[in-house]
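Visitor: If you want the building blocks of each chain, they are given just below.
Number of protein chains: 2
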Amino acid sequence: MTQHGHEADTVFARALAGDRRALGRLLSLVERGGPAAERITELAHPHSGRAHIVGITGAPGAGKSTLTGQLMRLLPERSFRPAVLAVDPSSPLTGGAILGDRIRMDDLAGESAFIRSMATRGHSGGLALAVPGALRVFDAVGYDPVIVETVGVGQVEVDVAGAADTTVVVVTPGWGDAVQANKAGLLEVADIFVVNKADRPGAADARRDLELMLDLSHVTGQEDAAGYRPPIVMAQALDGTGADALWEAVAEHRSHLEATGQMADRRRRRLRLEVISRLDQMAQAQAAAVLADDVGRQLLGEVEQRQMAPTTAAARLAERLLTDRRSGRGTG
Amino acid sequence: MTQHGHEADTVFARALAGDRRALGRLLSLVERGGPAAERITELAHPHSGRAHIVGITGAPGAGKSTLTGQLMRLLPERSFRPAVLAVDPSSPLTGGAILGDRIRMDDLAGESAFIRSMATRGHSGGLALAVPGALRVFDAVGYDPVIVETVGVGQVEVDVAGAADTTVVVVTPGWGDAVQANKAGLLEVADIFVVNKADRPGAADARRDLELMLDLSHVTGQEDAAGYRPPIVMAQALDGTGADALWEAVAEHRSHLEATGQMADRRRRRLRLEVISRLDQMAQAQAAAVLADDVGRQLLGEVEQRQMAPTTAAARLAERLLTDRRSGRGTG
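Chain order of the listed sequences is A and B.
Under this note's numbering, residues 356 to 687 are what the first sequence spells out, in order.
Under this note's numbering, residues 356 to 687 are what the second sequence spells out, in order.
Keep in mind that the hints were calculated from the coordinates and are not lab data.
Idealized CB from N, CA, C, for every residue including glycine.
It is possible that part of the hints are untrue.
[Stated by the list, open to error] One side of the interface only, derived from the structure: several residues of chain A facing chain B at Cβ under 10 Å:
1. His400
2. Leu569
3. Leu676
[To be verified] Non-contacting residues of chain A with respect to chain B, defined by C-beta distances greater than 10 Å in every case (computed):
4. Leu371
5. Asp564
6. Gly595
7. Leu646
8. Ala673
My request is simple: use the sequences and hints to build the entire structure.
Guide: Structure below.
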């Protein structure tokens, strides 16, 4: 811990001073998890809470990366200092194999921007910890907005979308009707829709389907009450059409979140979920230990021999794992 | 608990004696979770461990339900007493809306078979507990084999497939190449492949792709060492072609599992996972309580105010949630 703490402290100080190589190292340490990642979280947390976190999600091939690239071109011109975290196995920004693309992207973005990809597998603590950790680091060292690009298929990625203040869902004509987006849980998380490749046939239909879906379903919950309806932006990411309009919609959503107090609510909920994830992780580690010792192995043996029900074994193990809250043996 | 225990005991005894209505009620109680479900697990566990659990999985539209229906027609003729648990939102066997179909299926299966669908949402304990609970009930009251039909998309369903002794993966010509199956994690879990709709163009290609994939990847792990290679059965579920060959492959896989000791290994691993799921559920419930009390709310408040890192808050909460194993305060 001391050694990890030492490196983490030094690297964090350098990254805070603007050292891009130190920032890269910091993100690697956060992604790896363990004591160094925890120390970085401690260091970064007091500096964080300013950046606008923008999630960009959608099916593979919808054009998320291209759209993100256009924002990275646009934002520095407007004196923003944007960062991208690409958590998307299909993104050209992700994975060592397309290092060439990453370098090109970095060149395009220039010194005022930073692009980082993160693998979706092989995290000891899981993406549930690695993603908020990386976003916090970007935030702490002064990047704003921080864009997180995720593929909108499967629960993991929808959960990652929950890491954002504003979630942009990208669809394309012919990508599938709004029912598909609904099935994938995308409509529930969308604050803004982009119909990309809007020059293709069916773009107007895609827009109409989304409008209809918004009319029919009050999926946005509390935001309906606050008078917010997700806007639909038509875009052609390849030539940059719609990037301005998208950024305008993002800025408007941010104003809406701040005016209604929802920004604070969303951040509170995220921090709460992060604490719960960390707590779960610790409980799971200790549960594995309780199962692996002599008593645990004996209980499992009795379950296998059908001498004890799994429910009974779990209750016995819980007695050994968890403090008994009712008798006040908790140490807090 | 006493009341739940009383109803569970009565209903279980009736189901064990062959009462089909009692069995339906038993499955509802298991699906609902809570004390009655726990009592049923206690009652059923000593009677279970005999049935062969066969998972049937694949993309929506692959023909899983039709294939399952053919097995349900075939097996009673051969003196088996099969049951089906359909955990598949796209299955015609699933959901109240297609009650007519369920009744027709039940008629077809006759008195010697039982078909039950389970919703994939709204389980307090999650499918991780409801599925093994329902399979155990079928097993305990004498059904064998027990077929569990799941849609092979998403991690949840692949986990459910882990509930089986033998997993059958159904693909169709043009359904997509073997790469798709690999991506969805289906190749890793397959003990038997079915190429359904084998009269369609591309069926031979689908078979060749699967063979190639099996040649290239040693995905079956330990089973390669034991000389087992997943067979590929060509089928036309609509007219019943291939149902015999599929059942033969299932029986052969069962013999292989028993001869190599893998049957016992798989069951041991499943029981272990079930105990862990139950333990996790208890830990999560208690974690929620720890977070919601005065101390928990104060810690979360400090995290929100950036006065405390989420890591520190989680560690403090863990002290209150978990017994300290090192100091031997555990009560087991």
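Visitor: Would you pick out the hints that fail for this structure and give their numbers low to high?
Guide: Per hint list: 2, 7 and 8 violated.
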